[in-house]
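Colleague: Here's the letter readout for the chains.
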Amino acid sequence: MAGPTVPQSLSRRRPAATGDEEATNILKLGDMTDTPALSVAECKVLLEQLANKGGRGTSNSDVYTKTREYVDMFARFKDPKTVTQVDAISSGLLMKGLTHFERAQLATLCCDSPDEARTLIPSLEGKLSDEELQDVLNDISKLRDFS
Amino acid sequence: MFFVKVLEHRIHLHPSFFGAQASDYILDQLYRDREGSNTGTMMIVAIIDVDDISEPKIVPGSGYAEYDVSYRAIVWRPFRGEVVDGLVSSVVNNGFFVDVGGLSVFVSKAMIPPQLKYTVEGATPSFTDGVDQTVERGSQVRLRIKGIRGEMGQMFAIGSIREDYLGPLLQ
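Protein sequence lines, in the order shown, are assigned to chains A and B.
Just so we're aligned: 125 in the numbering used here is position 125 of the first sequence, and the numbers increase by one with no gaps anywhere.
Just so we're aligned: 313 in the numbering used here is position 166 of the second sequence, and the numbers increase by one with no gaps anywhere.
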């Protein structure tokens, strides 16, 4: 090859390859692997706390407003205490090999049966037994707010 | 899916702001730049707090001071294969658009179960099977994200309801 070669240390490091992240039967979350995930209800509680704390106030951006409306509409648990209880129930699962992503999905989607949960969250296959999953789903449904 | 992520941002401060309130200006700049931004792969919804502001470094040749700010933020990032709930914003004859937070997902006719047919009643178009399932503007729908494309500042996605447990939610 003609021309001087650039020593390894002087060339800019390529940013990590993106574009192949997926959440199907295998979880490839890229740089979100091992990042704590929030269910919709947890996010609603957190956004409310941040807004009430005052300080910098809330953003007027499109993204922020749409997200606030979205979490208000789709949060399955309205009361912060209930959200903490759901968090406690689903956090036990992190010990059993579930990832942050799967735990937050379970708390967001509120499935009725282990079959539904495994269909909607394909990566759950093989991680929990039917009874364990049914127990967790029952505990979560008891706390659901149907108002 | 919402995540709490630690991010870093590089801020340049003009010399006229060097003074006792430099840290306030930096925080203002951070909030203005990053809160509510869409990087093409994820949306930064809200900044929770700032972990650390580095020591400033003067940029040679320009006099600006460069700070590396490390902060925690709530980000929203969609993944291919993820199941999400959303609100239908419009219905057209080859599918419908669903708003999932700041992302607009298009579900095309090929990804809709054949029982749901496009019908127009009066001025309201909808996809309905005539019995109990209807998708129209304002309906809540559970869908699986099938593909995402991101450019600087915008994200586009397509989704499917053609699977078990997906489709309009009972309200």
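Note that these hints are calculated values from the structure, not bench results.
Be careful, since some hints might not be right.
Said to hold, decoys possible - One-sided excerpt, in silico: chain A residues whose CB lies under 7 Å from chain B:
1. T24
2. P36
3. S61
4. Y64
5. D72
6. F74
7. K78
8. S113
9. L120
Predicted model only: the values in this text are computed from it and were never measured.
Note that beta-carbon positions come from the ideal geometry of N, C-alpha and C, so glycine has one too.
Colleague: If any of the earlier hints don't hold here, list their numbers in rising order.
Modeller: The structure conflicts with hints 5, 7, 8, although it agrees with all the remaining ones.
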